[in-house]
Amino acid sequence: MVTSGYRYLRVADLRRLRRLGFQCRVPVEGVYSGLHRSRQRGQSAEFSDYRPYMPGDEPGDIDWKIYGRTDRLYVKLFEHQSDLTVHLLVDASASMAYRGLASQARVRWDKADPAAEGDSKYDYACRMAAALAFLTCLRRDRVALTIAREGGCDSILPQTSMRGLHGLLARLEEASPAGEAKLAQAIGWVARGMKRRCVLVVFSDLLDDVREILAALSGFRHKGGEVVLFHLLHRDELDLAGLNEAMMVDSETLNRFPVHADEVRKRYTQTINHYLSATAAEARARGFDYNRTWTSIDYYKSLERYLLSRKARR
Amino acid sequence: MIPASAAILLTWPFMLWGMGMIVLPVTAHLLYLRHRRRVVFPTLRFLRQALAAESRFFRLRRIVLLLLRCLAVALLTLGFSRPIWTGSLPAGRPSGPPAVVILLDASASMSLEQEGVSVWSRALSEVHASLQGESEPGALFNVIRVDHRPVPAFPQMVSNARVVAEVVNAWKPAQGRADFASALALARLLLADHVGPRRMVFVSDLQATNWESEWVHQLEREPIRWHVTDVGAEHAANTAITDLRVVPDSPVAGRPMRVVATVINHAEHPRTIPLALRLDGQLIGTTRLELEPGKRGEIAFDAAAATPGTHRLTVTTGTDDLAPDDTRYGLLEIQDGLQVLLIAEADPDDPSRDPYYIHRAIAPLGDSDRVRVTHSRRGSLPAGVLQGFDCIVLCEPPEMSDTQLLALQSYVRQGGRLLMFLGNARSATTAGRIEQRAGDGPFLPFLPLTRRSDDLRVAEGNWDAHGLQAIDGAARLALAEVLFSQVFDTTELVPGAMKLFGFDNGALGAAWVARGRGGVMLVNFTPSPTAGDIGKTGMFVVLLHAIVDRLRSGPTADEPLRVGDVLPIQVGEVVRDETGRVMDGLRPLDRSGFYERKTGEDLDWSAVNLDDRESDPRKIAQPPVFQPGDDRKSVFAKATSESRAEELWPWFVLAALAVLGLELALIAWGGWRA
Numbered sequence: 417m418v419t420s421g422y423r424y425l426r427v428a429d430l431r432r433l434r435r436l437g438f439q440c441r442v443p444v445e446g447v448y449s450g451l452h453r454s455r456q457r458g459q460s461a462e463f464s465d466y467r468p469y470m471p472g473d474e475p476g477d478i479d480w481k482i483y484g485r486t487d488r489l490y491v492k493l494f495e496h497q498s499d500l501t502v503h504l505l506v507d508a509s510a511s512m513a514y515r516g517l518a519s520q521a522r523v524r525w526d527k528a529d530p531a532a533e534g535d536s537k538y539d540y541a542c543r544m545a546a547a548l549a550f551l552t553c554l555r556r557d558r559v560a561l562t563i564a565r566e567g568g569c570d571s572i573l574p575q576t577s578m579r580g581l582h583g584l585l586a587r588l589e590e591a592s593p594a595g596e597a598k599l600a601q602a603i604g605w606v607a608r609g610m611k612r613r614c615v616l617v618v619f620s621d622l623l624d625d626v627r628e629i630l631a632a633l634s635g636f637r638h639k640g641g642e643v644v645l646f647h648l649l650h651r652d653e654l655d656l657a658g659l660n661e662a663m664m665v666d667s668e669t670l671n672r673f674p675v676h677a678d679e680v681r682k683r684y685t686q687t688i689n690h691y692l693s694a695t696a697a698e699a700r701a702r703g704f705d706y707n708r709t710w711t712s713i714d715y716y717k718s719l720e721r722y723l724l725s726r727k728a729r730r
Numbered sequence: 008m009i010p011a012s013a014a015i016l017l018t019w020p021f022m023l024w025g026m027g028m029i030v031l032p033v034t035a036h037l038l039y040l041r042h043r044r045r046v047v048f049p050t051l052r053f054l055r056q057a058l059a060a061e062s063r064f065f066r067l068r069r070i071v072l073l074l075l076r077c078l079a080v081a082l083l084t085l086g087f088s089r090p091i092w093t094g095s096l097p098a099g100r101p102s103g104p105p106a107v108v109i110l111l112d113a114s115a116s117m118s119l120e121q122e123g124v125s126v127w128s129r130a131l132s133e134v135h136a137s138l139q140g141e142s143e144p145g146a147l148f149n150v151i152r153v154d155h156r157p158v159p160a161f162p163q164m165v166s167n168a169r170v171v172a173e174v175v176n177a178w179k180p181a182q183g184r185a186d187f188a189s190a191l192a193l194a195r196l197l198l199a200d201h202v203g204p205r206r207m208v209f210v211s212d213l214q215a216t217n218w219e220s221e222w223v224h225q226l227e228r229e230p231i232r233w234h235v236t237d238v239g240a241e242h243a244a245n246t247a248i249t250d251l252r253v254v255p256d257s258p259v260a261g262r263p264m265r266v267v268a269t270v271i272n273h274a275e276h277p278r279t280i281p282l283a284l285r286l287d288g289q290l291i292g293t294t295r296l297e298l299e300p301g302k303r304g305e306i307a308f309d310a311a312a313a314t315p316g317t318h319r320l321t322v323t324t325g326t327d328d329l330a331p332d333d334t335r336y337g338l339l340e341i342q343d344g345l346q347v348l349l350i351a352e353a354d355p356d357d358p359s360r361d362p363y364y365i366h367r368a369i370a371p372l373g374d375s376d377r378v379r380v381t382h383s384r385r386g387s388l389p390a391g392v393l394q395g396f397d398c399i400v401l402c403e404p405p406e407m408s409d410t411q412l413l414a415l416q417s418y419v420r421q422g423g424r425l426l427m428f429l430g431n432a433r434s435a436t437t438a439g440r441i442e443q444r445a446g447d448g449p450f451l452p453f454l455p456l457t458r459r460s461d462d463l464r465v466a467e468g469n470w471d472a473h474g475l476q477a478i479d480g481a482a483r484l485a486l487a488e489v490l491f492s493q494v495f496d497t498t499e500l501v502p503g504a505m506k507l508f509g510f511d512n513g514a515l516g517a518a519w520v521a522r523g524r525g526g527v528m529l530v531n532f533t534p535s536p537t538a539g540d541i542g543k544t545g546m547f548v549v550l551l552h553a554i555v556d557r558l559r560s561g562p563t564a565d566e567p568l569r570v571g572d573v574l575p576i577q578v579g580e581v582v583r584d585e586t587g588r589v590m591d592g593l594r595p596l597d598r599s600g601f602y603e604r605k606t607g608e609d610l611d612w613s614a615v616n617l618d619d620r621e622s623d624p625r626k627i628a629q630p631p632v633f634q635p636g637d638d639r640k641s642v643f644a645k646a647t648s649e650s651r652a653e654e655l656w657p658w659f660v661l662a663a664l665a666v667l668g669l670e671l672a673l674i675a676w677g678g679w680r681a
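Residue numbers (my numbering), protein chains in the order written: chain D, 417 to 730; chain F, 8 to 681.
Hints are supplied without guarantee of correctness; some may be wrong.
Unchecked claim - Part of the chain F face toward chain D, derived, beta carbon under 7 Å:
1) 47
2) 56
3) 58
4) 156
Just so you know, the hints here were simulated from the structure itself, not pulled from any lab data. C-beta: ideal position from N, C-alpha, C; glycine also.
Start from the sequences and build out the full structure, keeping to the hints where you can.
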């Protein structure tokens, strides 16, 4: 396979995604003209709306035809097309490092097959984030990155050039999941730094306090931004497949206790399904673009499916 | 020391250290928990929620499985410690060498010989085989000789089987019965303190008369293991003399008598039995008796003893399978001449009068008949010499004074016999006066009332009574033909009196009552030869002789002695058996035969015979309590294993396997997880 030289960006995958674009569903506020709708008033040729004349408006904005018909003064408003800022927020907590139960099976060192290990949820998130970053840069939009890790944020300011993309990709590769993400804080930080409306794409397993996360996202959205939420999960997390007796260790708190999976599988599956359903319903109710994504599905397929559905909904 | 209440003992208690292996399943349980596969999971939040609802139930399951494993280990450990169920064994009986007590039947029937082989020799062979059959070191033995007085070879158990065998070899069968009840108690006593397996072996001919007894039922509940070895002969042929009697039972010197022997054929085929009678060792006569199998018959010898006193009788049969019962011993008391006083008013020399007739009836041959009759008429009762008479006959008595009547009563009470004939009015009056003078209650057996006018016949009689056995069947028929016309109606018999015969109208014919050491016989007919009564018939003589015999002092009421009885010895009396051995009165009689009893110059005899039950060789049918089919090897194998009580280790191992099976079933099918 010809790679891009970056771990999380494959050229072969990009060929498929190139024809897709990442459109914003809400009007954006860009710096430059771009391809996206914006509530900013600009010199675009696309008529948007009328409003009554107010002293101080430019006479050139007055629609004299309407005045001739109504004897009232109205000012034309035109849509401003601006560029899009996509803010990628990747959860790099310890739980995102999970690769599945198979990867933790006891295998002789000389028989270990790296390919059998699979991507962790973080890897998966980074691949999706890298792909979205590439698509964003390809349309000359701006992409920023924040990696939430160990309660802190590692951010890259919005970039539009490929050079900036490279830096972003490198940052993704440099980071490794550890500790708690404190995602809600990261979201708040991003929201506070947001000068213009943008799209916040969150890649997380949402194993922090979901209510805080959703509340933080609501705050972001309240400011006019769009929230796209990719809820990343491993199939093992749903049904404990392949697990019998084990000493379970929490990846973030390092708490441990023994588990007889067969005894609790049914009850566990019910619990987690209930949690997932509730989270999805809550997120959608808040107007987030919620997407549950399984790491067992190729990331590009997940992204492709999402982008197509997004395009259809626009 | 094991407490008395313990029912389960451990043969190898040191194996209980294996209980420490219980730590293995516990350790495995803990290690397994500790060293499970370590899985790092994104979050345990949801697992914790699920566990909170299910953990208690599953934890209980795991504990149950752990307990089952521990129980299996415990049961296996107990099994390896070889527990035993002691059951009814006394406390404090750990394993030890076996102890065997052999109960050797030494009753008279063990002398039986068949085709040259004696039952006793066969029994000795079995005893020797039993003694040699136990090869375990330290085994203890003893043999009890079971006769009428069981005794062990040694007072305690011994380990030298050879010595025991030597003692047993010197034994001979006794002539008494086997007291197995006492022997069983003795065996229990010998084995009471033994530590180890215990066994009793009965070596016997299983004679039914010994084994069909209450003591056999004790064996059903006997805690000590026991075994029976049958050495009895099959189809034994034996005849025996079971009884010896004399008729009359008080014979007089010089007078004929009849010796009657009762013989029984215990053989399974008819036999012709030769018999011989000896009196004081002198052969009197021989005869033969044919008997069917199982039948009893009588044979009689006619004999006479010339001198009064005690004479020895022996009746012997021919040889058969059992020799000790071929001779029957008896004693004969021969009486001297009978002294009779005849009190009558009439002239004793007048042939037409009653005294003359009675004299001739009693002593037909005169004084040489050994019956001396003295007459006494009115007023001439021999003073002071009434006691010298064996019998006083009142017949048509004269008028007697009160003094004379009292003298008669005194004579009777001091041992005299009074015979009084009714028949005429005076006799009846005299009877009434005697009764009046008695003072302290009735004296006569009954009293006459009114004279009857009809003729009566004898309808019934107590012909088995002493003295009346001579009235045999033919005589009774003849007596029944006699018409009695001088009969009184009578009162009822007084308490204690015995009716000898009665008439067909219910009136008493003759009755006897004891008074003091003597007695009175009242006869309700006249002896007159001229009256229309028995007096003129020949039956009168027969009846009179019988009555006089009845009045004679009868034989003593001593019980016949048998081997095994204790002979009562009087102070100053020396008793010897036929071998000259002096008897001490404490030991039971152990031989049949005559025993000489001497007190000063007075010599007397006692006759001792075998117990008749020993003559019957029939064997007991096999009751279910017996254990047929045990051979000697298995006897001692059982003594080694079974008397060690029941091994329980197989049950413990089975229980452990069952527990493990249950655990596997719970895991495999119940979905339980360790």
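### Task
Have a go at the residue 56/F hint: is there a Cβ in chain D nearer than 7 Å to its own Cβ?
Result: holds, 5 Å to nearest chain D Cβ.
### Task
So, residue 58/F near chain D? Judge it on the closest CB pair being under 7 Å.
holds, 6 Å
### Minimum beta-carbon distance criterion (7 Å), residue 156/F to chain D
violated, 81 Å
### chain D contact restraint on residue 47/F - CB to CB distance below 7 Å
holds, 5 Å
Of the numbered hints listed earlier, the single one contradicted by the structure is hint 4.
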